[in-house]
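Participant: Produce the entire structure from the sequences given, and follow the hints as far as they go.
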Amino acid sequence: MIFVFDPGLKEPQTHHDILDGNLDRVLSQRGRACIFFSHVNLDPNLVKFRCHPAFRLSPYADTAALDDRDFARQWRAYADDIAAIIREHGNPEHLIVHTATPALIQGLAVALHLRTLHCRSLRLQLMFHPLSFVPDGAAAPSTAHARYLIALRMLQAGAAAAGTILHVSTSCEGFSRIYSRMLRQRVPVHPYALQSSEAAPEMQPVQPHRSGSRKVLLFSGNVKLDKGIGWVADALPHLLQASGGTEFYIQLSDTRFGDSLLESAIAKLRVIAAANPRLKLIEGYSSEAQWNTTLSRMDALLIPYAPQAYRYKTSGILFEYLKLARPDARIIVTDGTWLAEESAHWRLPVASVDFANTVQLGEILASLDDCPAVGNLPTAFPQFWERYFRQGNDAFLTDGL
1 MIFVFDPGLK
11 EPQTHHDILD
21 GNLDRVLSQR
31 GRACIFFSHV
41 NLDPNLVKFR
51 CHPAFRLSPY
61 ADTAALDDRD
71 FARQWRAYAD
81 DIAAIIREHG
91 NPEHLIVHTA
101 TPALIQGLAV
111 ALHLRTLHCR
121 SLRLQLMFHP
131 LSFVPDGAAA
141 PSTAHARYLI
151 ALRMLQAGAA
161 AAGTILHVST
171 SCEGFSRIYS
181 RMLRQRVPVH
191 PYALQSSEAA
201 PEMQPVQPHR
211 SGSRKVLLFS
221 GNVKLDKGIG
231 WVADALPHLL
241 QASGGTEFYI
251 QLSDTRFGDS
261 LLESAIAKLR
271 VIAAANPRLK
281 LIEGYSSEAQ
291 WNTTLSRMDA
301 LLIPYAPQAY
311 RYKTSGILFE
321 YLKLARPDAR
331 IIVTDGTWLA
341 EESAHWRLPV
351 ASVDFANTVQ
361 LGEILASLDD
371 CPAVGNLPTA
381 FPQFWERYFR
391 QGNDAFLTDG
401 L
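Using the working numbering, you'd call the opening residue of the sequence shown number 1 and step up by one each time.
These are calculated hints, taken from the structure and not from any lab test.
We put the CB at the ideal spot given by N, CA and C, even for glycine.
Accuracy of the hints is not assured; some may be wrong.
Just the calculated beta-carbon pair ranges, DEER-fashion [to be verified]:
| id | residue 1 | residue 2 | range |
| --- | --- | --- | --- |
| 1 | 56 | 153 | 23 to 29 Å |
| 2 | 52 | 287 | 23 to 29 Å |
| 3 | 237 | 289 | 29 to 35 Å |
| 4 | 214 | 289 | 19 to 25 Å |
| 5 | 56 | 120 | 23 to 29 Å |
| 6 | 308 | 328 | 30 to 36 Å |
| 7 | 280 | 400 | 33 to 39 Å |
Using 16 Å as the maximum straight-line C-alpha spacing, the simulated EDC-like pairs for lysine to aspartate or glutamate come out as follows [to be verified]:
| id | residue 1 | residue 2 |
| --- | --- | --- |
| 8 | 10 | 67 |
| 9 | 313 | 226 |
| 10 | 215 | 369 |
| 11 | 48 | 11 |
| 12 | 224 | 234 |
| 13 | 313 | 341 |
| 14 | 215 | 247 |
| 15 | 224 | 173 |
| 16 | 280 | 259 |
| 17 | 215 | 328 |
| 18 | 313 | 173 |
| 19 | 224 | 259 |
| 20 | 10 | 43 |
| 21 | 313 | 335 |
| 22 | 268 | 320 |
Facilitator: Below, the structure written as structure tokens:
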């Protein structure tokens, strides 16, 4: 039996749901039984795989803002939840944890040390940089780094003592360097992209689909201020005026706000869209086929993320764009983010813009032909393509199981 611990799975139609569904499909096709353990808030009837709500905490609540006492409460809660899972369901042969932060890692380590948890192998993927959720404050960076270091070293020791084979991976080269130093061993890279290896086994870019005026995707994914939706809303009047007949597309896949600035940005977008047919709003979530078709129609794709939030956070959307965009499309990222850094590391054909610099963005969009095109990545960047797209994350995490 294979267990997947995913306390970040709280609702359907999220990247957790998509990746877990892909994992379940790959394992089922290999004849391997699998159980997923989610956050307690999930209604298991809303997902398509065998799932038990089990974890009281989400990894996204595990931040450096916690003092030591609250952080200890968190890892103890994870250890207790793991113990409860084992009491009810027994021990797995293999365990997969694809989104982990320090409290969850330390909870796993404690479960191994106490022999609560027994498994032949543990596959841990570190999606985040140690400073991903660090708030402003002088003491926070060193605290966050130390918690990752202690938790990972404890997990390493616990796995060795229990005879568990520990596989650790992360989502990009920059993170690999940090975690390799922490663990004193090479931590391999595989991106946190959501395309299933079973759905696209050859992993080739989609074919061009061109028609009509130039099309630019300005935003996609869950609607969040740190992903730049406020800037996009403010910039649109200028972009519409400066770009001739260009059509702009914005995907609003999650419209549950709870934030007045976010609600204001969405309201502004709806007013603009109602008045100008060149702004197209894509409401709700798209199926994989619909999403691939959308990307195949775009001349340019912008990832307008704020550097304050995404300096230390990855986003699978960069890999989705690179893999699925037309060869003659342009991709634009914001300077000062991980996305720009990773693109520069591989010398990828990606343009960059200063966050919230509307005039500069307008100039880039007006002169797209001067920006590098995505091109044929497998041919032009074979090492990058092999490292990042040889197999989907589902196959990577289940390789050998």
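Participant: Quickly compare the C-alpha distance for residue 224 and residue 173 to 16 Å and report which way the hint goes.
Facilitator: Answer violated: residue 224 to residue 173 is near 26 Å, above 16 Å.
Participant: For a C-alpha distance cap of 16 Å, please report whether residue 313 and residue 341 respect it.
Facilitator: 11 Å, holds
Participant: Need the status of pair residue 215, residue 247: alpha-carbon distance at most 16 Å?
Facilitator: With Cα atoms ~5 Å apart, residue 215 and residue 247 stay inside 16 Å; holds.
Participant: Do the alpha carbons of residue 313 and residue 335 lie within 16 Å of each other, as the hint requires?
Facilitator: Status holds; Cα separation ~14 Å.
Participant: Taking 16 Å as the top limit, are the C-alpha atoms of residue 224 and residue 259 close enough?
Facilitator: 9 Å, holds
Participant: For the pair supplied as a hint, residue 313 and residue 173, is the alpha-carbon distance within the 16 Å limit?
Facilitator: 13 Å, holds
Participant: Is it true that the CA of residue 224 sits at most 16 Å from the CA of residue 234?
Facilitator: Measuring from Cα to Cα gives roughly 15 Å; hence the hint holds.
Participant: Does 30 to 36 Å hold as the CB distance between residue 308 and residue 328, or does it fail?
Facilitator: 33 Å, holds
Participant: Does the structure keep residue 48 and residue 11 at a Cα separation of 16 Å or less?
Facilitator: Holds: residue 48 and residue 11 sit about 12 Å apart, inside 16 Å.
Participant: Is the straight-line distance between the alpha-carbon of residue 10 and that of residue 43 16 Å or less?
Facilitator: Given pair residue 10, residue 43 holds - Cα atoms ~8 Å apart, limit 16 Å.
Participant: Could you check the hint for me, namely that residue 214 and residue 289 are 19 to 25 Å apart, CB to CB?
Facilitator: Given range 19 to 25 Å: holds, Cβ gap about 24 Å.
Participant: Regarding residue 52 and residue 287, is the given constraint of 23 to 29 Å on their beta-carbon distance met?
Facilitator: Because 26 Å falls inside the window, the suggested range holds.
Checked against the numbered hints given earlier, this structure breaks hints 7, 8, 15, 16, 22; the rest are met.
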